[in-house]
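Trainee: Just so you know, the protein sequences line up as chains Y and Z, in that order.
Letter by letter, the first sequence follows residues 1 to 431 in this note's numbering.
Letter by letter, the second sequence follows residues 1 to 431 in this note's numbering.
I should point out that these hints are in silico values taken from the structure, not numbers from a laboratory.
C-beta: ideal position from N, C-alpha, C; glycine also.
Some hints could be false.
[Claimed, not checked] Below, a sample of chain Y positions facing chain Z; criterion: calculated Cβ distance under 7 Å:
(1) Gly7
(2) Ala8
(3) Val10
(4) Ser58
(5) Thr84
(6) Asp87
(7) Leu88
(8) Glu147
(9) Arg185
(10) Leu186
(11) Pro189
(12) Arg196
(13) Asp198
(14) Arg411
(15) Ala412
[What the hints assert, rightly or not] Each pair of labels, with its calculated beta carbon distance range:
(16) Y:Ala379 <-> Z:Val383: 38 to 46 Å
(17) Y:Asp154 <-> Z:Val406: 34 to 42 Å
(18) Z:Glu340 <-> Y:Glu233: 52 to 60 Å
(19) Z:Val406 <-> Y:Phe382: 20 to 28 Å
There are 2 protein chains.
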Amino acid sequence: MGIQREGAPVVVIVGAGFGGLKAARALRQAPVRVVLVDRQNHHLFQPLLYQVASATLSPADIAAPIRHILRNQRNAEVVLAEVTSVDLEDRQVGLANGHALSYDFLILAAGSRSSYFGRDDWAKQAPGLKTLEDALDIRRRFLLAFECAEQEEDPEIRREWLTFVIVGGGATGVELAGTLKEMARLSFPREFRRIRTDRARVILVEAGSGILANFGLGLSENALQGLERIGVEVRIGQPITDLEARAVILGEERIPARTVIWAAGVSAVPLGASLNVPLDRQGRVLVQPDLSLPGQPEVFVIGDLAAFSHGPAGLLPGVAPVAVQQGDCAAANIQASLREMPRQVFRYRDKGSMATLGRGRAVARLGRFSLTGYPAWLAWLFVHLMLLVDFRSRVFVFFEWLWAYVTTQPRARLILGDRAQGLDMESSLKG
Amino acid sequence: MGIQREGAPVVVIVGAGFGGLKAARALRQAPVRVVLVDRQNHHLFQPLLYQVASATLSPADIAAPIRHILRNQRNAEVVLAEVTSVDLEDRQVGLANGHALSYDFLILAAGSRSSYFGRDDWAKQAPGLKTLEDALDIRRRFLLAFECAEQEEDPEIRREWLTFVIVGGGATGVELAGTLKEMARLSFPREFRRIRTDRARVILVEAGSGILANFGLGLSENALQGLERIGVEVRIGQPITDLEARAVILGEERIPARTVIWAAGVSAVPLGASLNVPLDRQGRVLVQPDLSLPGQPEVFVIGDLAAFSHGPAGLLPGVAPVAVQQGDCAAANIQASLREMPRQVFRYRDKGSMATLGRGRAVARLGRFSLTGYPAWLAWLFVHLMLLVDFRSRVFVFFEWLWAYVTTQPRARLILGDRAQGLDMESSLKG
Numbered sequence: 001m002g003i004q005r006e007g008a009p010v011v012v013i014v015g016a017g018f019g020g021l022k023a024a025r026a027l028r029q030a031p032v033r034v035v036l037v038d039r040q041n042h043h044l045f046q047p048l049l050y051q052v053a054s055a056t057l058s059p060a061d062i063a064a065p066i067r068h069i070l071r072n073q074r075n076a077e078v079v080l081a082e083v084t085s086v087d088l089e090d091r092q093v094g095l096a097n098g099h100a101l102s103y104d105f106l107i108l109a110a111g112s113r114s115s116y117f118g119r120d121d122w123a124k125q126a127p128g129l130k131t132l133e134d135a136l137d138i139r140r141r142f143l144l145a146f147e148c149a150e151q152e153e154d155p156e157i158r159r160e161w162l163t164f165v166i167v168g169g170g171a172t173g174v175e176l177a178g179t180l181k182e183m184a185r186l187s188f189p190r191e192f193r194r195i196r197t198d199r200a201r202v203i204l205v206e207a208g209s210g211i212l213a214n215f216g217l218g219l220s221e222n223a224l225q226g227l228e229r230i231g232v233e234v235r236i237g238q239p240i241t242d243l244e245a246r247a248v249i250l251g252e253e254r255i256p257a258r259t260v261i262w263a264a265g266v267s268a269v270p271l272g273a274s275l276n277v278p279l280d281r282q283g284r285v286l287v288q289p290d291l292s293l294p295g296q297p298e299v300f301v302i303g304d305l306a307a308f309s310h311g312p313a314g315l316l317p318g319v320a321p322v323a324v325q326q327g328d329c330a331a332a333n334i335q336a337s338l339r340e341m342p343r344q345v346f347r348y349r350d351k352g353s354m355a356t357l358g359r360g361r362a363v364a365r366l367g368r369f370s371l372t373g374y375p376a377w378l379a380w381l382f383v384h385l386m387l388l389v390d391f392r393s394r395v396f397v398f399f400e401w402l403w404a405y406v407t408t409q410p411r412a413r414l415i416l417g418d419r420a421q422g423l424d425m426e427s428s429l430k431g
Numbered sequence: 001m002g003i004q005r006e007g008a009p010v011v012v013i014v015g016a017g018f019g020g021l022k023a024a025r026a027l028r029q030a031p032v033r034v035v036l037v038d039r040q041n042h043h044l045f046q047p048l049l050y051q052v053a054s055a056t057l058s059p060a061d062i063a064a065p066i067r068h069i070l071r072n073q074r075n076a077e078v079v080l081a082e083v084t085s086v087d088l089e090d091r092q093v094g095l096a097n098g099h100a101l102s103y104d105f106l107i108l109a110a111g112s113r114s115s116y117f118g119r120d121d122w123a124k125q126a127p128g129l130k131t132l133e134d135a136l137d138i139r140r141r142f143l144l145a146f147e148c149a150e151q152e153e154d155p156e157i158r159r160e161w162l163t164f165v166i167v168g169g170g171a172t173g174v175e176l177a178g179t180l181k182e183m184a185r186l187s188f189p190r191e192f193r194r195i196r197t198d199r200a201r202v203i204l205v206e207a208g209s210g211i212l213a214n215f216g217l218g219l220s221e222n223a224l225q226g227l228e229r230i231g232v233e234v235r236i237g238q239p240i241t242d243l244e245a246r247a248v249i250l251g252e253e254r255i256p257a258r259t260v261i262w263a264a265g266v267s268a269v270p271l272g273a274s275l276n277v278p279l280d281r282q283g284r285v286l287v288q289p290d291l292s293l294p295g296q297p298e299v300f301v302i303g304d305l306a307a308f309s310h311g312p313a314g315l316l317p318g319v320a321p322v323a324v325q326q327g328d329c330a331a332a333n334i335q336a337s338l339r340e341m342p343r344q345v346f347r348y349r350d351k352g353s354m355a356t357l358g359r360g361r362a363v364a365r366l367g368r369f370s371l372t373g374y375p376a377w378l379a380w381l382f383v384h385l386m387l388l389v390d391f392r393s394r395v396f397v398f399f400e401w402l403w404a405y406v407t408t409q410p411r412a413r414l415i416l417g418d419r420a421q422g423l424d425m426e427s428s429l430k431g
């Protein structure tokens with residue numbers, strides 16, 4: 001590749017998620033050359049990923065080409081490549097294609113991935129939800145399970161197909177459980193002739209003492225009731241102890257189920273480990289108050305890849321607002337260095353969190369205020385539409401939601417993918 | 001499976017394309033049980049498939065779950081399965097999963113697939129455009145080629161990446177060539193920093209004496225001029241003689257190109273051959289004037305799988321209107337048999353054909369009338385919107401088109417797919 005220096009200092013940003021993209025945009029007016037590297041060609045609006053999994057939205061509704069987003073930022077260029085190593089001494093990042101990119105400043109924003117707490121063998125059976133491919137995989141498994149149930153004569157196996165276990169009671173697990181249950185309850189019934197899709201079981205398993213733990217006790221209780229009202233079975237304080245081929249094991253209990261979705265945890269991508277700096281238990285890089293690496297003021301780590309434990313909030317969660325604010329802060333600190341000004345210390349302004357519980361129901365914590373039910377759901381709709389990166393996505397997602405709400409028939413119920421991929425379900429459909 | 005007879009005669013329909021779906025709907029009021037078998041869960045609006053390949057539309061815009069389309073037809077059920085054989089004597093179709101479906105009447109509407117005229121080894125390098133997976137594969141190759149070009153230092157290899165060859169000057173090839181060239185010319189230029197995307201070459205290769213041969217000489221000429229005006233290079237009367245790893249060979253000429261798309265021909269699916277009845281050269285089943293098999297009045301073959309050569313029109317082309325009208329006719333003839341009435345002979349009412357040539361330009365033959373330019377394009381828009389199976393798709397596709405037309409920025413420009421799939425381009429991106 002050989003990015004020529006051409007005078008201006010080069011800022012390499014690894015990862016075009018919320019943090020990396022925000023940093024790139026914040027450097028729009030800076031006298032630097034921005035090189036944004038990502039292994040995907042698109043920025044993904046991850047908070048709505050579960051709606052691709054549940055067949056409400058299409059990938060194009062929540063993802064936009066990174067090049068397109070930055071097309072008018074003349075000091076930025078985009079490189080589609082996977083970063084595999086960082087050479088702190090020579091100030092270079094190595095790419096999977098063998099090339100290297102030199103930097104004057106580096107922002108690592110490569111994010112996290114699903115973590116199975118040492119049981120990586122569970123990954124194949126219980127896919128996580130981090131990428132568009134994950135979402136399409138889950139959509140495919142969910143839709144295929146009903147097809148398999150419809151064709152199955154054995155009532156026991158049929159029940160296995162109609163049992164869906166979602167592991168992890170954070171926002172992703174809660175939103176997925178609510179939306180999948182409502183699909184089975186509202187969208188499918190008239191389409192199948194042999195099964196009662198409204199009797200499909202959706203079981204949400206949470207090892208801790210409550211779902212949506214970081215929302216506070218009141219909202220956690222409210223969310224639990226909201227899910228149970230639409231028929232989701234919630235198991236609190238029950239860690240998953242084993243996964244069998246056709247069952248989930250919770251201690252003494254064995255739940256026969258053919259579809260398991262993993263929303264229980266994430267860990268930082270392995271890139272952090274290649275830095276040879278101290279990491280926390282989830283593999284996140286311990287950063288300085290200004291988000292830089294200890295002893296490497298030109299290298300910043302932000303978002304899910306960073307463990308920021310300074311300040312009153314304690315260790316920050318891996319959510320989009322943290323990444324966005326850190327992207328801003330890292331960009332500001334790079335500009336401060338260029339002007340030989342003092343750097344700022346990162347402070348997180350927590351604006352709250354929200355999660356939907358299906359049709360017309362949500363919980364929201366906004367500063368000191370709490371919302372539940374329909375008002376929370378409207379707030380959720382509004383906030384998420386406004387946060388979508390592209391105006392065009394906003395318009396289309398609004399109409400998709402309006403359509404799905406009025407008709408209860410979301411549009412994207414397609415089973416896609418190469419038949420040769422050999423999902424277990426399909427071999428089951430064959431035998 | 002074991003479909004119970006429950007008195008009413010069973011009509012098994014194989015394939016939920018235009019012909020099979022129309023036949024199922026036409027039997028809505030008939031005293032029969034309809035079993036519609038398809039290996040996909042969705043009906044695909046194939047005439048717009050090239051717009052998924054060119055990243056304008058999402059799969060959900062042009063495909064709808066078969067179950068959803070037939071949800072209110074109480075005498076119909078849908079089976080997701082692949083039919084592998086037909087036992088004419090025992091009146092059963094065999095499924096890939098080992099089960100069998102018994103029928104009283106059978107409609108075979110399993111369609112066609114890309115055909116490489118005996119050079120099946122070309123399939124991997126030059127994908128055809130028959131399924132949504134094909135369209136996403138082509139989209140991926142097209143978008144990745146620009147990414148590779150942007151990263152390439154060697155000007156010769158860069159030119160190879162920026163050369164796209166489309167083989168076959170029928171409607172699919174023409175529409176794909178026009179839309180891909182306009183993407184490169186109008187949508188991409190501001191997004192890349194190192195390449196001139198508007199200089200990308202799109203070459204349409206046609207072995208015969210003109211493109212859109214079945215539109216007549218005047219429109220064929222007009223289409224040629226229309227494509228050349230936007231910069232598509234059209235090669236007439238030049239059959240492709242070989243495909244090399246990085247080049248297309250046309251007799252003496254060698255065109256270096258890394259992306260080749262196959263739109264040159266189709267042949268019937270192999271199911272026809274398993275019937276042990278006379279086939280034509282493309283593997284299509286020769287049918288009686290009433291669309292039934294010779295000696296098997298309870299078995300009908302329609303659409304791309306059928307060779308219908310009776311009547312003044314000669315051998316009918318493999319297009320949607322033929323399939324739809326044949327689906328209607330087969331359904332009517334089944335009902336005639338049930339009522340012991342005489343069957344009707346199939347007569348094709350040719351309402352015309354149309355093809356777009358990019359933005360605001362098309363050719364259309366409507367009965368004895370011809371349209372070109374903007375009026376033809378408006379007619380094309382209107383007709384295709386009206387033909388979309390679902391009202392909901394119609395609304396969303398209209399807005400997608402409006403958006404793409406006004407902004408020149410189609411929305412679905414995502415490179416999706418498992419990285420492990422190992423497309424050649426990606427290994428190239430790595431080395």
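Trainee: Run every hint past the structure and note whether it holds.
Mentor: Consistency of the hints with the structure:
A least Cβ separation of about 16 Å between Gly7 of chain Y and chain Z goes past the 7 Å threshold, and the interface hint is therefore violated. Violation of the interface hint for Ala8 of chain Y is found here, the shortest Cβ-Cβ separation to chain Z being roughly 14 Å, above the 7 Å cut-off. Restraint check, Val10 of chain Y versus chain Z: the minimum CB separation of about 14 Å is more than 7 Å; hint violated. Annotation: interface hint on Ser58 of chain Y holds; nearest CB of chain Z at approximately 4 Å, less than 7 Å.
Violation of the interface hint for Thr84 of chain Y is found here, the shortest Cβ-Cβ separation to chain Z being roughly 10 Å, above the 7 Å cut-off. Contact between Asp87 of chain Y and chain Z, as hinted, is not supported at the beta carbon level, the nearest pair being about 19 Å apart and thus beyond 7 Å. For Leu88 of chain Y, the interface hint is violated, the least distance from its beta-carbon to any beta-carbon of chain Z being 24 Å, above 7 Å. Restraint check, Glu147 of chain Y versus chain Z: the minimum CB separation of about 4 Å is within 7 Å; hint holds.
Interface restraint check: Arg185 of chain Y against chain Z, minimum CB-CB distance 15 Å, threshold 7 Å, status violated. Among the interface hints, the one on Leu186 of chain Y is violated; its C-beta lies about 13 Å from the nearest C-beta in chain Z, farther than the 7 Å criterion. The interface hint given for Pro189 of chain Y is broken, as the beta carbon of that residue sits about 9 Å from the closest beta carbon of chain Z, more than 7 Å. At about 15 Å, the closest approach between the beta carbon of Arg196 of chain Y and any beta carbon in chain Z exceeds 7 Å, and the interface hint on this residue is violated.
A least Cβ separation of about 14 Å between Asp198 of chain Y and chain Z goes past the 7 Å threshold, and the interface hint is therefore violated. Because the beta carbon of Arg411 of chain Y sits about 5 Å from the nearest beta carbon in chain Z, less than 7 Å, this interface hint is met. Residue-level restraint check for Ala412 of chain Y holds (minimum Cβ-Cβ distance to chain Z is 4 Å; threshold 7 Å). Restraint check, Ala379 of chain Y to Val383 of chain Z: a C-beta distance of roughly 43 Å satisfies the suggested window 38 to 46 Å.
Checked against the given bound of 34 to 42 Å, the beta carbons of Asp154 of chain Y and Val406 of chain Z, roughly 55 Å apart, lie outside it. Taking the beta carbon of each, Glu340 of chain Z and Glu233 of chain Y are about 56 Å apart, inside 52 to 60 Å as hinted. Distance hint check for Val406 of chain Z and Phe382 of chain Y: the Cβ-Cβ separation is about 25 Å, which falls inside the suggested range of 20 to 28 Å.
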